[in-house]
Amino acid sequence: MDALLQLNAVSQAYAGKPVIDNMSFQLAEGEIACLLGSSGCGKTTVLRCIAGFEALRGGDIRLNGERIAAPGYNKPAHLRAVGMVFQDYALFPHLDVAANVGFGLRGLADAERKARVGLMLEVVGLSALAGAYPHELSGGQQQRVALARALAPRPRLLLLDEPFSNLDVDLRQRLSHEVRGILKEQGMTAIMVTHDQQEAFAMADKVGVMHHGHLQQWASPYQLYHEPASRYVADFIGQGAFVPAVISGPQCVTLEVGEYCSLTPLAYPVGAQVDVLLRPDDVVHDDHSALTATVKGKVFMGSEFMYTLQLPSGQQVLAQVPSHHNHAIGEAIGIRLELDHLIAFAR
Amino acid sequence: MSFEPQGLKADNPPFDFRLHFSMPSVFRRWRWPLVALLISLLTLIPLAVIVLSSLTPDPVIWQHLLDYALPELLNNTLWLVLGVAAGVLLLGVPLAWLVAVYDFPGRKHFNWALMLPLAMPAYVMAFTQVGLFDFSGPVQTLLRAHFDNTRWFPPIRSTGGLVLVMSLAFYPYVYLLARNAFSTMGRRALEVGQTLGLSRSAGFWRIALPMARPWIMGGLILALMETLADFGTVSIFNFDAFTTAIYKAWFSLFSLDTAKQLASLLVALIFVMVALEQYARGRRAYVQAGRAAPLPRLRLAGARAWLASGYALLVLVLAFVLPFGQLLVWSWGALEQEWNEALFGYALRSVTLSMMAALMIVCIALLLSYARRRDGGALVRLLARVATLGYAVPGTVLAVGIFVPVAWLDNVLIERFFAGQDVTAVLKGTLAVMLLAYVSRFLAVGYSAVDAAMNRITRSQEEAARNLGYSGFALLRHVHLPLLQGGLLTGVLMVFVDVMKEMPITMMTRPFGWDTLAVRIYGLTSEGVFDQAALPAVVLVLVGLIPTLLLSRQKDVA
Amino acid sequence: MNKKVLLASLLAVFAGSAAAEEIVVYSSRAEQLIKPLFDAYSKETGVAIKVISDKEGPLMERLKAEGSNSPADIFLTVDAGNLWKAEDMGLFQPVKSAVLNGNIPANLRDPDNNWFGLSVRARTIFYNKNTVKPAQLASYEDLASPKWKGKLCLRSSKNVYNQSLVATMIADIGPVATERMVKGWVNNLATAPFGNDTAVLEAIAAGQCDVGLANTYYYGRIVAKNPGFPVSPFWANQAGKGTHVNVSGAGIVRYAKNVKGAVKLLEWLSSDKAQNMFADVNFEYPANPKVKADALVASWGNFKHNLINVKVAGSKQAEAVMLMDRVGYK
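Protein chains in written order, with the numbering used here: chain Z, 1 to 347; chain X, 1001 to 1558; chain G, 2001 to 2330.
Extracted from the complex, chain Z is given alone in its bound form (with noise of 0.2 Å):
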C-alpha cells in the first residue's frame, strides 16, 4: 500500500443528516489533489475530517497506513502532523509574521527554528515582511504567510480550505500556481477544496466532484473533462449541452444531425435512448459545412467566441469558436460535430 492518504467509506452527518456519504480515496505522496464542488457539499467537511476537527460516523482514514480516524475513535489533531490553510487565514493578531510561520516549530532549537522561519519566507517571498503584523498585511501577503505556517512544520499532508477565495481573480491565478510550484518543490502531499474548476484545474493532478456528500469522481482533470463518469459531473465540468440521440451501434449513435461513431465501445445496447454530451470545443465552425444552426446568443472571450447554436430542432449546443468568426444573432452558420469521444448517459 503506497498511497499516503486513504479515504475508505468514510461517512459523516450533522444532526443525522448526511453530510459525506460512503466516500472513497487514496492520494499518492507527493500528489496535490482538489475537491471540487458547489458550496454545502460536504467538500470542507472532508478536510475537517482528516484534519481531525470532526469525528467519523462510519469508514477511515489512513494515513502513512496508520488509521487516524474511525467511529468512535480520532486521533487528536496536533498528533496528526497535517496542516491546513485556512480560508481565513487564521493568522494570530498578537504575532508578527515570523512568530506566525514559527508558531508550529516548538520543539526546534532557537537557532533551526530561525532558520527554517527564514527559508519558509523565503519560499513565500515575504522575507523582507517578517517583523510586520497581520493587519499590517494585504490579503495575498496574508495567505502567503498562511500558507508558510502550515509548511514549516514539514507536515506530511497539507489540507488548504479555498484558500484563494478571498482573493481577486487576477491574484487568484498567479497565486495558484506560484502555490502550486511550492508545494511540488517541497514534494507535499496536498488536498485543496474549491469550487472553482479553473483552480482546480490549475492547482491538481487529481481531481474529487463532489455532490450531496457523494463522491462523483476520483480523476485527473483530464479524465474529468473527457471522461465523466456521471451526468453530474459532465454538466458539472466544463460547459456543453446534452443531445438526444439513439444508439445505432456498438460503437455509433444517432442524433437529429447524423450518425456518429466513437473510438471507443458504448455502454448501451442498439436502439436505446441516450442523451450525448457536445462540448463547446466538440461542435466546429465550418462555413462549408451543409448542416447550419442559427446563432442565438454570443460571448466574446478574447481568442475565442462562445456562440450558442439552435439546431433545426430546437435544440441548443454551445460552440467554441475563434474570434476572428464574428457573426450576428440570428444569422445561419455552418457547423460539423468532431466527436471521436462520445459520451452518452441514458435518458
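Treat the hints loosely; a few may be bogus.
Reference listing, derived: stretches of chain G covered by chain X, where coverage requires no fewer than 3 residues with Cβ under 8 Å from a Cβ of chain X [as the list claims (entries may be wrong)]:
| # | stretch |
| --- | --- |
| 1 | 2048-2061 |
| 2 | 2314-2325 |
Distance condition first, Cα-Cα at most 25 Å in a straight line; then the derived DMTMM-like pairs of lysine to aspartate or glutamate [to be verified]:
| # | chain 1 | residue 1 | chain 2 | residue 2 |
| --- | --- | --- | --- | --- |
| 3 | G | Lys2035 | G | Glu2022 |
| 4 | G | Lys2035 | X | Glu1072 |
| 5 | Z | Lys75 | Z | Asp21 |
| 6 | G | Lys2330 | G | Asp2112 |
| 7 | G | Lys2264 | X | Asp1422 |
| 8 | G | Lys2260 | X | Asp1422 |
| 9 | G | Lys2330 | X | Glu1072 |
| 10 | G | Lys2064 | X | Asp1058 |
| 11 | G | Lys2147 | X | Glu1072 |
| 12 | Z | Lys75 | X | Glu1463 |
| 13 | G | Lys2064 | X | Glu1462 |
| 14 | G | Lys2241 | G | Glu2141 |
| 15 | G | Lys2260 | G | Glu2141 |
| 16 | G | Lys2151 | X | Glu1341 |
| 17 | G | Lys2035 | X | Glu1336 |
| 18 | G | Lys2133 | X | Asp1148 |
| 19 | G | Lys2050 | G | Asp2039 |
| 20 | G | Lys2330 | X | Asp1067 |
| 21 | G | Lys2064 | X | Asp1257 |
| 22 | Z | Lys75 | X | Asp1375 |
| 23 | G | Lys2330 | X | Asp1257 |
| 24 | Z | Lys17 | X | Glu1463 |
| 25 | Z | Lys114 | X | Asp1375 |
| 26 | Z | Lys298 | Z | Asp235 |
| 27 | G | Lys2050 | X | Asp1422 |
| 28 | G | Lys2050 | G | Asp2272 |
| 29 | G | Lys2225 | X | Glu1336 |
| 30 | Z | Lys17 | X | Asp1375 |
| 31 | Z | Lys114 | X | Glu1463 |
| 32 | G | Lys2330 | X | Asp1058 |
| 33 | G | Lys2064 | X | Glu1336 |
| 34 | Z | Lys75 | X | Glu1462 |
| 35 | G | Lys2129 | X | Asp1148 |
| 36 | G | Lys2043 | X | Glu1341 |
| 37 | G | Lys2183 | X | Glu1072 |
| 38 | G | Lys2050 | X | Asp1058 |
| 39 | G | Lys2264 | G | Asp2280 |
| 40 | G | Lys2183 | X | Asp1257 |
Bear in mind the hints are in silico, worked out from the structure with no lab data behind them.
Quantities reported herein were computed from a predicted structural model and do not represent experimental measurements.
Note that CB positions come from ideal geometry on N, CA and C, so glycine has one too.
Using the hints, position chains X and G against chain Z.
Frame of chain Z; chains X and G shown alone:
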C-alpha cells in the same frame, strides 16, 4: 511538539485499536464537564444549602406574604428590573456609541470618565443622592429660598428615583462592554450599512446594535443581577423589593426558611431570565473573523457635537461628580474624627483582598470559559450558567449558604481530629475560604469579561494551532492567553472593584481583625452616620478609581 | 492512628485556637460604639477581646451553624427583639450573677437571665419647635388623630425599632386598638416612610412635616453638632404607661469557651464606670439606674419609662410586622 520530517515517518507502527478505548479516553471525554462541575460546585453548594434546607413552607407566613406582600413585591420587582434595564441601556449604549464612533469636544476624557461610577458602591451613591435631592437636602433647601415651596420637585425617594440612581450606578457595565464592541466594529458596521443603502442611524439600529448584542446583553445581565441582589440601595429608598422581603422574613418574621424560599424563587427568576436571553439569541454566532485596523472617528460638528458633549457631561455629573462632591463635603466635616492610621489599614486590606480575589476569580473564569470552548455540550453550558448565578443572590443569603457548609465541615474535622482539644475553627475564618466565597459571588463578573473575549477567537485560529501540534493547556497558553489578554485584564479590574465594594460575604467569612473599607462603611451607615461614613467611602472610591482608570485605558477589551 | 495524628497536626497549623485569656464577642452593635469600651477593659485587666461584627441575622446563623465549636463567648446586639430571637434559638445560656441582677432593672433583662440590657434608648415623639407647641402633643395613639393629617414623618416599618414599638403597643393596648393607631399614622403621613431616623428628624427640621418618631440617640448626635437644630423631643404617653424604651444588650453564648471571663466582662459593662462610657458614646441612657446620663441627654428631662419587659418586643414582633403590612405601612 513539532512534526518530524516525513522521511522518518515511513514505518509507522500498526494501529492498535484497543489502546484508544482505555480509561484515558473516557477521562478525555469528561475532562471539561468535570472541570466545569468542580467550579460550579462553589456556587452549587451554597445554593443547595439555601434551596434544600427550606422545602417546607410555613403556611401562616406564606399566607401573609401572599395576601400583603408578594403581589406588590412582584409588581415592584418587575418595574424595577424593567426600569433599570431601560435606564442602563439608555445611558450605556448611546454613550458607548458616541464615544466609540464619533469625535466631539471632550470625547477623550469622557471615554474614561464615564466609567468612574463603577468605583462607587450603589448604596453610597444612594445615600448621597437621597441626601442631595430629598426635601431636607441642599438642592431643595436652596430652591425653597427662591420659590415658595418645592412641592413640584419630583420626589427622589420614589420608584422613579430608585430606578434613576440604580441606572446611574450600574450603567458602566453596559457602557464598558458596548463601547468595546462598537469600537472594534462600529464604524465598519456603518460603512456596510451605507453600502446597503442604510442611513447612518439605520445602520446603527440594523447592524451595529444587533452585532453588539451579546456584549450589551452581557453588561445588562450583570446590571440586572446586581439590581436584584441589592439590599443597601433599596433599603435607603425604603422600596419593597425581593431582597427587602427576604430580610423581612428573616429578621422581622424570624423565619429564615421563608427567607430562603424567597431567595430560591429569586434565583429561579434570574435563571429563567438568563435562559430566555440565551434562547432568544438562538444559534446565532457572533465571532468576528480577523481584526480590521481601527477606522478614524467621524467628527461631529456644531449643535450635534455640543449635544453629544452635553449628554455625556450630564450623565457624568449626575452619576459621579455630584455624589462624589457630596462625599467630599461630608468627609471634610468628619475628617478629624475619621482620619487615622486605621483608615490605611482598612484600605490596605481592601486592596490586598480584592487583588487576590480578582486574580483567583479570573483564573477560574478562564478555566470555565475554556472548558465551555473545548466542550460545547449542553451540560457544560448549563454548569457555566449555574456557576455564575451567585452574583444574583442577595449577599447576606449567599454568605449564610457559604458559611453553613464550611462550619459543618469544620465541626466534622474538629470532632475527628481535635476532639477534646481547644480548637474551634479549622477552615472557617481562613483566607482560603474567604476567597472561595468571593469566587462563588463574583465569578459572573470575571466570566463575562473573559468569555466575551474568548468568543472573539475564531474557530479557525484554534484549529490552525491544533494543526501545528498544540493541544490542551499548551493551546491555552500559546493561543488563548495572548489573545485574551485584554479580556483577562478587564475581568481582573472589574472583579477588583466589585470585591472592594462587597460587604456581607466579607463580614461573614473574614479572618479576625480583617476590617476593610466596606466593613467600616457598613459599621457607620448601619448607625445612620453617613457623614462619618463618607471618608472611608471617599477612600474606597479613590482606590477603586485606579483600576477603573486602568480599565479605561485598556483599548482592546472584552 | 499515626496518620490521624499527622493530619491533625497538619490541620492544627491552620486551626485558630482560642487562648484562655481571651474573650470572643459576636457583635451587631456598630464597632465604633463598643471598641472604646473593650479597649478600656483590656487595658484594665489584660484580657484580650476579639470582636466579630456583622448584622444580627448572619451572626445568629453563624452561631447556630458553629454549634458547640463556636469560638464566641458573648453575643451583643441591639433591640430586645433580636435578644429574644437569639434566646428563642437557644443560643444563650442563663447566667447567675448577683452583680448583673443588682445593676440591671428587671424590665431590662430576660426573666430567665439569658441576656441583659446594657443601654436604654427611648423611641418617642419629635416635633418642629417653630410650628408645634408641646401642649398639642400627647401620645403615640394621638399621632393617629386627623389633626396631624399630612404632618407626620415615619421611618420604614421594616426597621426593628418601629416593630418593637408596635409590638409593645400590642401588649399594652391590644391588637385592635394598635391596628387602628397604625392605620391612623399611615393616613397622616406627609411623605413616604424614610430609610433611617436621622432622615425623619431632618425632614421635621426642614418643615416637610411637623412631628415624627425617632430614637433619642439619633437626635443626640445631631444636636451635639448643631445646637440650633429646630426640633425637640416630647415624652410620649406620660399620662399612660410611659414612653417606649428599648435596649442594646448581651448574653453569654451557650457553648462559650470562657464563661467565667465572659460573665466578668458583662458585669464590668453593667458597672458604673463602663455604663457611662457605654451610654455616652452613643447618647443613650445607662441601663444601670444608679448611673447618671450624659449632660446633653439629661437636659431632655426625666420621663416615665414604660416598664413592660422589653422581651415583649421580640415575642410580639412577627405579629407587629404582619399588622403593619395589613394597614399598608411600608
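These are the hints, each one checked on the structure:
Restraint check on the stretch 2048-2061 of chain G versus chain X: 9 residues with Cβ-Cβ distances below 8 Å, three needed, restraint holds. Only residues whose beta carbon comes within less than 8 Å of a beta carbon in chain X count, and the stretch 2314-2325 of chain G has 5; three or more means the coverage holds. At most 25 Å may separate the alpha-carbon atoms for a hinted pair to count; lysine 2035 of chain G and glutamate 2022 of chain G meet this at roughly 15 Å. For a cut-off of 25 Å, the pair hint linking lysine 2035 of chain G to glutamate 1072 of chain X is broken: about 41 Å separates their Cα positions.
A hinted pair counts as satisfied when its Cα atoms are at most 25 Å apart, and lysine 75 of chain Z with aspartate 21 of chain Z qualifies at roughly 21 Å. A threshold of 25 Å between alpha carbons decides the hint, and for lysine 2330 of chain G with aspartate 2112 of chain G the separation of about 35 Å lies outside it, so the pair is violated. For the suggested pair lysine 2264 of chain G and aspartate 1422 of chain X, the alpha carbons sit about 21 Å apart, so the restraint of at most 25 Å is met. Simply put, lysine 2260 of chain G and aspartate 1422 of chain X have alpha-carbon atoms about 16 Å apart, close enough for the 25 Å limit, and the pair holds.
Using a Cα cut-off of 25 Å, the hinted pair lysine 2330 of chain G and glutamate 1072 of chain X holds, with the two alpha carbons roughly 11 Å apart. A hinted pair counts as satisfied when its Cα atoms are at most 25 Å apart, and lysine 2064 of chain G with aspartate 1058 of chain X qualifies at roughly 20 Å. Restraint check for lysine 2147 of chain G and glutamate 1072 of chain X: the C-alpha separation of about 30 Å exceeds 25 Å, so the hint is violated. A distance of roughly 14 Å separates the Cα atoms of lysine 75 of chain Z and glutamate 1463 of chain X; the hinted pair therefore holds under the 25 Å criterion.
For the given pair, lysine 2064 of chain G sits about 51 Å from glutamate 1462 of chain X by alpha-carbon distance, which is inconsistent with the 25 Å threshold. Only pairs whose Cα atoms come within 25 Å are accepted, and lysine 2241 of chain G paired with glutamate 2141 of chain G is accepted, the gap being roughly 12 Å. The hinted pair formed by lysine 2260 of chain G and glutamate 2141 of chain G fails the criterion: a straight-line CA distance of about 45 Å is larger than 25 Å. Restraint check for lysine 2151 of chain G and glutamate 1341 of chain X: not satisfied, since their Cα atoms lie roughly 45 Å apart, outside the 25 Å limit.
For the given pair, lysine 2035 of chain G sits about 18 Å from glutamate 1336 of chain X by alpha-carbon distance, which is consistent with the 25 Å threshold. A C-alpha spacing of about 24 Å is found between lysine 2133 of chain G and aspartate 1148 of chain X, which places the hinted pair at or below 25 Å, so the restraint holds. A C-alpha spacing of about 10 Å is found between lysine 2050 of chain G and aspartate 2039 of chain G, which places the hinted pair at or below 25 Å, so the restraint holds. In summary, the hint linking lysine 2330 of chain G to aspartate 1067 of chain X is supported, as the alpha carbons are separated by about 15 Å, within the 25 Å threshold.
Straight-line distance between C-alpha atoms of lysine 2064 of chain G and aspartate 1257 of chain X comes to about 14 Å, which keeps the hinted pair within the 25 Å bound. Of the pairs offered as hints, the one joining lysine 75 of chain Z and aspartate 1375 of chain X holds, with about 17 Å between alpha carbons and a cut-off of 25 Å not exceeded. Between the alpha carbons of lysine 2330 of chain G and aspartate 1257 of chain X the distance comes to roughly 23 Å, so the proposed pair stays at or under 25 Å and holds. At roughly 24 Å between alpha-carbon atoms, lysine 17 of chain Z and glutamate 1463 of chain X fall within 25 Å of each other, so this suggested pair holds.
Pair hint lysine 114 of chain Z plus aspartate 1375 of chain X does not hold up; C-alpha atoms about 35 Å apart against a cutoff of 25 Å. This hinted pair checks out: lysine 298 of chain Z and aspartate 235 of chain Z have alpha carbons roughly 20 Å apart, not beyond 25 Å. As the CA atoms of lysine 2050 of chain G and aspartate 1422 of chain X are separated by approximately 16 Å, the hinted pair is consistent with the 25 Å bound. Taking the CA atoms of lysine 2050 of chain G and aspartate 2272 of chain G, the gap is about 23 Å. The hint holds against a cut of 25 Å.
A threshold of 25 Å between alpha carbons decides the hint, and for lysine 2225 of chain G with glutamate 1336 of chain X the separation of about 14 Å falls inside it, so the pair holds. For a cut-off of 25 Å, the pair hint linking lysine 17 of chain Z to aspartate 1375 of chain X stands: about 22 Å separates their Cα positions. For the hint linking lysine 114 of chain Z to glutamate 1463 of chain X, the alpha-carbon distance of about 24 Å falls within 25 Å, and the restraint holds. For the proposed pair lysine 2330 of chain G and aspartate 1058 of chain X, the alpha carbon gap of about 23 Å is at most 25 Å, so the pair holds.
Distance restraint check for lysine 2064 of chain G and glutamate 1336 of chain X: the Cα-Cα separation of roughly 40 Å exceeds the 25 Å cut-off, and the hinted pair is therefore not satisfied. This hinted pair checks out: lysine 75 of chain Z and glutamate 1462 of chain X have alpha carbons roughly 17 Å apart, not beyond 25 Å. Between lysine 2129 of chain G and aspartate 1148 of chain X, the direct Cα distance comes to roughly 21 Å. Compliance with the 25 Å bound is thereby established for this hinted pair. Between lysine 2043 of chain G and glutamate 1341 of chain X, the direct Cα distance comes to roughly 20 Å. Compliance with the 25 Å bound is thereby established for this hinted pair.
Our distance criterion of 25 Å between C-alpha atoms is met by lysine 2183 of chain G and glutamate 1072 of chain X, whose separation comes to about 19 Å. Between lysine 2050 of chain G and aspartate 1058 of chain X the alpha-carbon distance is near 37 Å, which puts this suggested pair outside the 25 Å criterion. Taking the CA atoms of lysine 2264 of chain G and aspartate 2280 of chain G, the gap is near 21 Å; set against the 25 Å cutoff, the hint holds. The hinted pair formed by lysine 2183 of chain G and aspartate 1257 of chain X fails the criterion: a straight-line CA distance of about 29 Å is larger than 25 Å.
Going down the numbered hints, you'll see the structure goes against 4, 6, 11, 13, 15, 16, 25, 33, 38 and 40, while the others check out.
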